[in-house]
Amino acid sequence: MNIEINIAQDFSETPGARYKTDGDFSGQEFFEIILEPKFIEVQNTENTLLINLDNTDGYATSFLDEAFGGLARKYGRENILKKIDFISNEEPYLIKEIKTYMDEKRN
Amino acid sequence: MKKEIKIYWLIPIIIISGIFGFLTNSFEFFNFKSEIDLVNLFTLVVTSSLGFYIASTLQNNIEVKKFEKELVYSTIKSLNNKTKNIEKYLSANSLKFNETIKTFKDISGLISELKEVNEFCLVVDNHSIKVLRSIYIEIKPLITGGRVDNNNLTLSSEHIKLSKSKLKKFKNRLIKIMIEVNRK
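As you go down the protein sequences, you meet chains A and D in turn.
Each residue of the first sequence is one higher than the last, beginning at 1 in the working numbering.
Each residue of the second sequence is one higher than the last, beginning at 1001 in the working numbering.
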């Protein structure tokens, strides 16, 4: 079974920058309120976390790095990629971009 | 300046040519036979059909190519405009966070569109589009990876300088692609 996070619906259509101090809807806020709790929920189950990136105004590198790079830094890139899938029809290259931020060698 | 030939000039030319033809008995050079050579007639029909087919096929190919080129040009033009927009605000160090993120999303979408269109028309070398994408990947973190203050992207002078040089590289690649399309 998939548990879905639709960023535009569940968080914001205008995701912000890295830290809460940068303004509303930051990567840090998304990580703390939505991403990490949902990941923990699926971590030791058969479920997968499906993240829908469509229908927002776009993503700053700082947001993606703080949220997804942060998750990879905390739980390990391979563990994350086993449990998370992405949907990005509007900007297909975004998935590849996120995976580079998850790269452990980079962090 | 474009020269125009007035139609009434043709009337005396036709009359003079007619008189000249009569005076020199030129009309007698034409012989009309009352029989039709079927082989010649067949050759005439085949030749004219072939000529018509080649001309219409060539014309059709030219029109298809022209349409495909225009499609690629319009995508490149949009990419160029978006890039110029970022460059303008970057120079003034007044990039607004929300607008810039939206513009980057548009640019990424346009690069994907260019790639998809080119898969059908093959007017651009795929390597050129890959280079365009790789420059985009270099620019985006430079501009959107930093801090934000009251919806303003705060960039150091070093970041601005580097971003400008990458944007120039991106625009140069767009020009190269346009030249490439024009040569096809």
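Source of the hints: derived by calculation from the structure; they are not laboratory data.
Mixed in with the good hints there might be a few duds.
[To be verified] Here are the simulated DMTMM-like cross-link-like pairs (lysine to aspartate or glutamate), alpha carbons at most 20 Å apart as the crow flies:
(1) D:Lys1115 <-> A:Glu97
(2) D:Lys1102 <-> A:Glu41
(3) D:Lys1105 <-> A:Glu97
(4) A:Lys96 <-> D:Asp1037
(5) A:Lys82 <-> A:Asp57
(6) D:Lys1115 <-> A:Glu41
(7) D:Lys1102 <-> D:Asp1125
(8) D:Lys1082 <-> D:Glu1099
(9) D:Lys1082 <-> A:Glu46
(10) D:Lys1176 <-> D:Asp1125
[Said to hold, decoys possible] Facing chain A, a subset of chain D residues (Cβ under 8 Å, in silico):
(11) Lys1033
(12) Ala1055
(13) Gly1145
[To be verified] Not everything, but these chain D residues come out facing chain A in the computed CB check (under 10 Å):
(14) Asn1060
(15) Glu1063
(16) Lys1066
(17) Phe1067
(18) Lys1069
(19) Thr1100
(20) Phe1104
(21) Ile1111
(22) Pro1141
(23) Asp1149
(24) Asn1150
We put the beta carbon where it would ideally sit given N, CA and C, even for glycine.
Quick rundown of the hints versus the structure:
| no. | hint | in the structure |
| --- | --- | --- |
| 1 | D:Lys1115 <-> A:Glu97 | 17 Å, holds |
| 2 | D:Lys1102 <-> A:Glu41 | 32 Å, violated |
| 3 | D:Lys1105 <-> A:Glu97 | 12 Å, holds |
| 4 | A:Lys96 <-> D:Asp1037 | 72 Å, violated |
| 5 | A:Lys82 <-> A:Asp57 | 28 Å, violated |
| 6 | D:Lys1115 <-> A:Glu41 | 38 Å, violated |
| 7 | D:Lys1102 <-> D:Asp1125 | 28 Å, violated |
| 8 | D:Lys1082 <-> D:Glu1099 | 11 Å, holds |
| 9 | D:Lys1082 <-> A:Glu46 | 44 Å, violated |
| 10 | D:Lys1176 <-> D:Asp1125 | 11 Å, holds |
| 11 | Lys1033 | 71 Å, violated |
| 12 | Ala1055 | 42 Å, violated |
| 13 | Gly1145 | 4 Å, holds |
| 14 | Asn1060 | 33 Å, violated |
| 15 | Glu1063 | 31 Å, violated |
| 16 | Lys1066 | 29 Å, violated |
| 17 | Phe1067 | 25 Å, violated |
| 18 | Lys1069 | 25 Å, violated |
| 19 | Thr1100 | 8 Å, holds |
| 20 | Phe1104 | 6 Å, holds |
| 21 | Ile1111 | 8 Å, holds |
| 22 | Pro1141 | 4 Å, holds |
| 23 | Asp1149 | 8 Å, holds |
| 24 | Asn1150 | 7 Å, holds |
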